[in-house]
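With chain A's structure known, arrange chains B, C and D on it following the hints.
Number of protein chains: 4
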Amino acid sequence: MINAFITTKTVRFEHCDPAGLIFYPRYFQLSHQVIEDWFKDGLGHSHADLVVNQRIGIPTVHVEASFLAASRLEEILEYTLQVEKLGNSSVKLNIEAHHNNELRCQIKQVIVFSQLDPQDVKSMPIPDEIRTQMQNFLRIE
Amino acid sequence: MINAFITTKTVRFEHCDPAGLIFYPRYFQLSHQVIEDWFKDGLGHSHADLVVNQRIGIPTVHVEASFLAASRLEEILEYTLQVEKLGNSSVKLNIEAHHNNELRCQIKQVIVFSQLDPQDVKSMPIPDEIRTQMQNFLRIE
Amino acid sequence: MINAFITTKTVRFEHCDPAGLIFYPRYFQLSHQVIEDWFKDGLGHSHADLVVNQRIGIPTVHVEASFLAASRLEEILEYTLQVEKLGNSSVKLNIEAHHNNELRCQIKQVIVFSQLDPQDVKSMPIPDEIRTQMQNFLRIE
Amino acid sequence: MINAFITTKTVRFEHCDPAGLIFYPRYFQLSHQVIEDWFKDGLGHSHADLVVNQRIGIPTVHVEASFLAASRLEEILEYTLQVEKLGNSSVKLNIEAHHNNELRCQIKQVIVFSQLDPQDVKSMPIPDEIRTQMQNFLRIE
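Protein chains in written order, with this note's numbering: chain A, 2 to 142; chain B, 2 to 142; chain C, 2 to 142; chain D, 2 to 142.
For the record, the hints were derived by calculation from the structure and aren't laboratory data.
Please read all numbers here as calculations on a predicted model, not as lab measurements.
Wrong hints could be hidden among the right ones.
Just so you know, same-sequence chains aren't split out, so a pair can sit in one copy or run between any two.
Claimed, not checked - For lysine-lysine, the following DSS-like pairs were computed, each having C-alpha atoms within a straight-line distance of at most 27 Å:
1) LYS10 with LYS123
2) LYS123 with LYS109
3) LYS109 with LYS86
4) LYS109 with LYS93
5) LYS41 with LYS10
The following block holds chain A by itself, in its conformation from the complex (with noise of 0.2 Å):
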């Protein structure tokens, strides 16, 4: 059973470099965009009102990513993002972007839910209403 969130992102002129092929830290500023889209659309709890009003970061302290095949100027990417844990104040995700059926770059990423003091981040556990949302997106195997 597959319980994902599902979005597109273009591949921009911006995202290029001289070889015409994504420059892959640009696949991290998608991935992230992705994730902002899923907080909106699919936890229904928007990033902006966390970060800017609540002052609660979701800092990545992990990252593994495969690039498997090169993308290229204006494709379209389907991404699917997946919970594969949920800890106390962590979040693994799994996030894969295809084209065309061909997978070109999964993302394991590793989130925390962190108060943003001006001097110090400090995780904090995953606020009750966020949490029971991203159970939707617990991926099953």
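Just chains B, C and D now, kept in the frame of chain A:
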């Protein structure tokens, strides 16, 4: 024994997010700058000459990164780059960023020497001259 | 009479700075996305096809921009693009971004159709088919 | 008489587009780095301290730029920054980038000292200490 390429990078306004911290995709931009510096100053072979004149690229096929402590605006990051494994076409790098002896970010990254044909990206053996220079940066444990 | 290409863009986390506002170079990335959308959806000619297959670029030679009010994370910007002047090789664009009827940013930008030779960038006449389409977006006052 | 702040920036892989040229929004990232260097090394007042500790920002409200010749991967750009006009809250800067005596890019940019309240951005007088230092970089013709 440590045999590393060493350089520094400054955390710029453009790297920082609304939380006031470096946004993690920017770490990969900075580590690519470290790789560019390494080619030019460590290996004696400009990355621009490879890409533009010889149409040889070094796309990243795998990356694993841990972000251990937050980096902030205008901090100077001390980078070390070492070769962990030297394959036929691929090179596994270990790139670390410290600030005041605190490890901020560790990246293990596999790049693959590739011919940049307009329609295809094909792996190719590492040019001999570059391979010889790379051996000077092999991590010996 | 207004004859404009219209689209929307979302202010993303990657666009915002430590002040929580959009960092102004990102406005130019967004307006370039608007130009890309215009080529594809407004002019019926993919920008990627121009650049990659025909080696025709549209470098910007002049830009003048006013940033009239701050834009914030997750706001949706409503873009309008119009042609102010259609030259032999050059096109002067007027691009505006509004949010809730407030003008956030106005950009006047001159792009020049150019042949992308490896060692040189030479201006060239706007291809006829594209020029014809562009006339539909001429600003009439 | 010329009274300018001078520094250099390298064109990086991340700045270049599929045409192999610097993508023009990156020029504005580079010129902001020049402004950051000017605050620290020219005015003796860190931009980070302003933004993070004093919550004073310097948003750009107007910019006019000419891109006169293409810049390419790994070229070193020689930057000069001068103050054209010193207002009560605003500063008009003239920033130029040369390579081998060829003018690549000229930017006229107005920044405004502003208090960064969470909900608002209000202009404020330039702090006296900074104003005094800025006078050393006034363009005298």
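Which numbered hints turn out to be false for this structure? Per hint list: zero violations.
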